[in-house]
Amino acid sequence: MKQYGDVILAYSIMLGLIVLVGFLQSWSIALSILCFCLISAVMTMGANIQWGYAGLINFGIMGYTALGGLAAVLVSVPPVKEAWQAGGAQIVLCALIIVSMVFGTRFIINKYQKSNKRNYIIAFVIIVGLIFIRLISGPAIHLIESVNPATTGFLGGMGLPIIFSWIVGAFFAGALAYIIGKIALGLRADYLAIATLLISEIVIAVIKHEDWLARGVKNVIGLKRPVPYEIDLQTKQWFINLVEKFNKGTLDLVADALEKEQLLKQLVIDGSTVFVKLCYAGLFSIVVVLLLIVTQKALYSPWGRMMRAIRDNEEAANAMGKNVVKQHLLIFVLGSAVVGIAGAMMVTYDGLFTPGSYRPMRYTFLIWVMVIVGGSGNNFGSILGGFAVWFLWIEAAPMALFLINFFTSGLAETNAFKIHLINSIPYFRFLMMGIGLLLIMRYKPKGILPEKIRKM
Amino acid sequence: MDFINSIVLLLNYIFVPALSYGSQLALGAIFVSLIYGILRFAYFTAGDLMSFGTMFTILFTWYFQSLGISLGVLPTALLAIPFAIIITILYVLVKDKLVFSYYRTKKSPPVMLAMVSIGTMFVTQAIVRIVIGPFDRRFFDGEKFILKANEFKEMTGLNEGLTIKSTQVITLLVTIIVVSILFWFLNKTKTGKSMRAYSDNEDLALLSGIDPKKVVMITWVVAAVLATIGGALYGLDKSFKPFTYFNNMLPIFAAAIVGGIGNPFGAFLGGYVIAFSEILLTYAYRKFFIYILPESLEPNSLLQLLSTDYKFAVSFSILVVVLLFRPSGIFKGKVI
Numbered sequence: 001m002k003q004y005g006d007v008i009l010a011y012s013i014m015l016g017l018i019v020l021v022g023f024l025q026s027w028s029i030a031l032s033i034l035c036f037c038l039i040s041a042v043m044t045m046g047a048n049i050q051w052g053y054a055g056l057i058n059f060g061i062m063g064y065t066a067l068g069g070l071a072a073v074l075v076s077v078p079p080v081k082e083a084w085q086a087g088g089a090q091i092v093l094c095a096l097i098i099v100s101m102v103f104g105t106r107f108i109i110n111k112y113q114k115s116n117k118r119n120y121i122i123a124f125v126i127i128v129g130l131i132f133i134r135l136i137s138g139p140a141i142h143l144i145e146s147v148n149p150a151t152t153g154f155l156g157g158m159g160l161p162i163i164f165s166w167i168v169g170a171f172f173a174g175a176l177a178y179i180i181g182k183i184a185l186g187l188r189a190d191y192l193a194i195a196t197l198l199i200s201e202i203v204i205a206v207i208k209h210e211d212w213l214a215r216g217v218k219n220v221i222g223l224k225r226p227v228p229y230e231i232d233l234q235t236k237q238w239f240i241n242l243v244e245k246f247n248k249g250t251l252d253l254v255a256d257a258l259e260k261e262q263l264l265k266q267l268v269i270d271g272s273t274v275f276v277k278l279c280y281a282g283l284f285s286i287v288v289v290l291l292l293i294v295t296q297k298a299l300y301s302p303w304g305r306m307m308r309a310i311r312d313n314e315e316a317a318n319a320m321g322k323n324v325v326k327q328h329l330l331i332f333v334l335g336s337a338v339v340g341i342a343g344a345m346m347v348t349y350d351g352l353f354t355p356g357s358y359r360p361m362r363y364t365f366l367i368w369v370m371v372i373v374g375g376s377g378n379n380f381g382s383i384l385g386g387f388a389v390w391f392l393w394i395e396a397a398p399m400a401l402f403l404i405n406f407f408t409s410g411l412a413e414t415n416a417f418k419i420h421l422i423n424s425i426p427y428f429r430f431l432m433m434g435i436g437l438l439l440i441m442r443y444k445p446k447g448i449l450p451e452k453i454r455k456m
Numbered sequence: 001m002d003f004i005n006s007i008v009l010l011l012n013y014i015f016v017p018a019l020s021y022g023s024q025l026a027l028g029a030i031f032v033s034l035i036y037g038i039l040r041f042a043y044f045t046a047g048d049l050m051s052f053g054t055m056f057t058i059l060f061t062w063y064f065q066s067l068g069i070s071l072g073v074l075p076t077a078l079l080a081i082p083f084a085i086i087i088t089i090l091y092v093l094v095k096d097k098l099v100f101s102y103y104r105t106k107k108s109p110p111v112m113l114a115m116v117s118i119g120t121m122f123v124t125q126a127i128v129r130i131v132i133g134p135f136d137r138r139f140f141d142g143e144k145f146i147l148k149a150n151e152f153k154e155m156t157g158l159n160e161g162l163t164i165k166s167t168q169v170i171t172l173l174v175t176i177i178v179v180s181i182l183f184w185f186l187n188k189t190k191t192g193k194s195m196r197a198y199s200d201n202e203d204l205a206l207l208s209g210i211d212p213k214k215v216v217m218i219t220w221v222v223a224a225v226l227a228t229i230g231g232a233l234y235g236l237d238k239s240f241k242p243f244t245y246f247n248n249m250l251p252i253f254a255a256a257i258v259g260g261i262g263n264p265f266g267a268f269l270g271g272y273v274i275a276f277s278e279i280l281l282t283y284a285y286r287k288f289f290i291y292i293l294p295e296s297l298e299p300n301s302l303l304q305l306l307s308t309d310y311k312f313a314v315s316f317s318i319l320v321v322v323l324l325f326r327p328s329g330i331f332k333g334k335v336i
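Protein chains in written order, with the numbering used here: chain D, 1 to 456; chain S, 1 to 336.
Some hints here could point you the wrong way.
[Claimed, not checked] No farther apart than 25 Å at their CA atoms in a straight line, the calculated lysine to any residue pairs in the SDA-like style are these:
no.	chain 1	residue 1	chain 2	residue 2
1	S	LYS311	D	GLY129
2	D	LYS418	S	SER66
3	S	LYS95	D	GLY436
4	D	LYS418	S	ILE132
5	S	LYS311	D	ALA140
6	S	LYS311	D	ARG134
7	D	LYS208	S	LYS238
8	D	LYS218	S	LEU306
9	D	LYS452	S	PRO110
10	S	LYS97	D	PHE428
11	S	LYS97	D	GLY436
12	S	LYS311	D	ILE179
[Stated by the list, open to error] Quick look at which bits of chain D chain S covers, simulated, 3 or more residues with Cβ under 8 Å:
no.	stretch
13	205-212
14	437-446
The set of hints was computed from the structure by calculation and includes no laboratory data. Glycine residues also receive a C-beta, built at the ideal position from the N, C-alpha and C atoms.
Construct all of the structure, not just a fragment, from the sequences and the given hints.
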């Protein structure tokens with residue numbers, strides 16, 4: 001227990017802060033911060049698996065997050081029958097062509113020696129395949145996108161409960177990571193960082209502009225929820241009773257029956273949002289705890305020791321007969337899959353998929369700040385990093401407002417400088433993140449909760 | 001006649017825009033490449049340093065405009081650039097002193113420095129947004145066109161017009177001047193040679209008495225100069241928006257790597273490789289083929305290889321291909 005003393009301390013401070021927000025601002029805000037903290041924690045754990053366990057830099061987190069979100073759309077939205085009739089067959093045909101292109105290329109690589117001739121044949125196969133895809137898919141996409149473009153205009157999904165998308169999202173992200181890993185993992189660390197950053201931009205570009213897939217920048221809204229809707233809750237008798245029980249003290253203070261009913265109504269409305277967010281927080285917590293158990297087990301297993309050995313001295317690990325390339329690929333896929341789960345969770349929580357909102361600052365670099373601040377290589381640390389940084393990210397604006405008012409209290413309300421500062425409050429979070437990251441890297445380079453190597 | 005028309009068409013829509021865009025990228029890529037070669041890390045603040053320099057160019061432009069100073073047909077910004085450069089130089093030197101020098105003396109791994117540069121990226125971005133805001137700003141004044149499409153049509157009697165914006169010519173001229181001075185400096189002066197020596201082999205350079213502090217300082221100064229000029233030219237040509245500048249970091253990195261990172265001349269060419277391939281692959285060639293093919297063969301589709309939405313994706317795909325087959329870049333940079 002003693003070795004977890006600092007973990008318990010740090011976590012209690014963090015939870016205390018969130019509870020404080022609940023008291024000072026509102027419980028609804030506190031719970032949505034908690035939900036996003038949990039989602040960030042999952043993302044951070046994914047990045048930590050890659051960076052902390054294996055020393056692989058992945059600046060493509062945004063891409064995997066978006067793929068997780070795409071999974072949420074493809075799993076939960078009911079299929080659009082007219083669109084499938086209009087162009088579904090052609091799209092499936094194109095998918096088959098892509099698959100046969102991949103297998104064809106593999107076959108050629110296996111059959112022929114490495115030579116210019118082989119390269120030309122491969123190039124020929126790819127170009128012919130692309131031309132066919134272009135010719136077949138072009139009209140089909142046009143047909144699909146013209147099926148009721150205001151609301152659908154895409155193929156739709158499978159119409160399953162959205163919770164399945166968390167698993168599907170992991171598979172999507174893992175599959176992408178497999179491809180990227182095959183291409184880029186041989187590169188040196190900072191090349192890998194740049195390559196993954198650029199590839200994630202390509203992923204976003206595809207999701208944004210292929211409207212037949214998930215409506216692109218037209219967004220998919222109104223996704224199904226795994227938890228009850230507020231409106232339904234407000235009419236349920238058991239829920240009203242629950243709220244009544246919780247607020248007995250406040251309700252008893254009001255004497256007038258009519259006023260009491262009004263107050264109860266208001267409380268039920270407030271309570272329903274809180275209840276919904278609590279459900280989400282519960283679901284997300286289950287994911288975080290499960291992942292934490294699995295990752296902790298993995299970290300202290302022989303496999304985890306091998307990963308650390310590979311991270312700390314690749315040549316030595318290689319000489320000991322460990323397949324470094326294979327293990328790197330494996331961990332790259334695993335970490336990305338975890339990020340994919342987080343992406344699906346986020347879209348589930350938001351109830352909408354907006355490809356335009358995926359930006360590297362928010363979905364790649366912020367997650368990296370979380371990993372570094374929390375403590376790379378330590379799962380508890382990365383969860384804490386996710387919580388602390390997300391909390392700061394949200395609460396930076398009120399804090400900055402307070403500080404600005406404090407320091408410029410001598411200036412008049414109409415002072416142009418003061419107004420300018422107050423208008424630019426949203427950007428103080430960047431400043432805070434940057435300075436926080438620089439300070440942590442300078443004075444506590446291992447993070448708040450550093451990695452602990454258990455001695456054997 | 002049709003043949004000349006088609007050439008003019010390509011000049012107008014591909015060659016001229018790609019040349020100016022390529023110059024802007026090239027200036028950025030050169031300094032990323034220099035920092036990579038000499039300070040040995042991937043400088044993720046690149047795009048935001050450019051927006052920092054451009055921001056001060058805009059502020060000085062506004063100041064001069066309020067004083068009533070202008071350059072007549074030329075944009076006032078040209079006058080503002082030197083002042084903005086001074087401030088940007090001060091900023092990078094202070095940043096180096098406060099942040100980077102600690103890790104350099106500690107000989108931290110490059111990855112660590114790259115992470116630190118992400119920290120400075122956040123800070124620079126915050127400063128720019130707090131000072132000037134995240135909005136789209138145009139600060140171009142003076143004569144907008146050197147050659148208008150209508151004038152060209154009248155002059156030559158062709159169907160196709162050729163438009164040349166003055167910013168495009170300014171971009172090209174400034175780039176030629178700056179890059180010539182830079183390569184003269186790197187290849188002919190003693191300081192420049194010591195920088196290249198330091199980039200090639202640090203230990204050997206130190207043994208032969210090269211002062212690392214001076215080399216590092218000059219590198220930052222050159223970076224600040226190039227970033228400000230490149231950023232200001234981009235802003236003059238298009239417009240200034242902090243988010244666009246941050247995004248420009250990506251094609252700049254692509255250009256630097258394609259050209260062979262650590263090799264400034266390669267980076268310079270890499271900028272044009274990226275710019276031309278982006279525009280060549282996303283241009284719709286329909287009109288071009290209407291001109292050069294006989295009427296019976298006229299195409300009815302747009303003949304666009306990729307939709308313009310994938311502009312960025314083109315440069316990144318080139319980068320991935322180059323990384324796969326020639327990790328040291330087309331023009332052989334540091335072998336990594």
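Now for the hints, and whether the structure bears them out:
no.: 1; hint: S:LYS311 / D:GLY129; in the structure: holds (22 Å)
no.: 2; hint: D:LYS418 / S:SER66; in the structure: holds (22 Å)
no.: 3; hint: S:LYS95 / D:GLY436; in the structure: holds (15 Å)
no.: 4; hint: D:LYS418 / S:ILE132; in the structure: holds (14 Å)
no.: 5; hint: S:LYS311 / D:ALA140; in the structure: holds (23 Å)
no.: 6; hint: S:LYS311 / D:ARG134; in the structure: holds (18 Å)
no.: 7; hint: D:LYS208 / S:LYS238; in the structure: holds (23 Å)
no.: 8; hint: D:LYS218 / S:LEU306; in the structure: holds (20 Å)
no.: 9; hint: D:LYS452 / S:PRO110; in the structure: holds (24 Å)
no.: 10; hint: S:LYS97 / D:PHE428; in the structure: holds (23 Å)
no.: 11; hint: S:LYS97 / D:GLY436; in the structure: holds (18 Å)
no.: 12; hint: S:LYS311 / D:ILE179; in the structure: holds (22 Å)
no.: 13; hint: 205-212; in the structure: holds (count 4)
no.: 14; hint: 437-446; in the structure: holds (count 5)
When each numbered hint is compared with the structure, no violation occurs for any of them.
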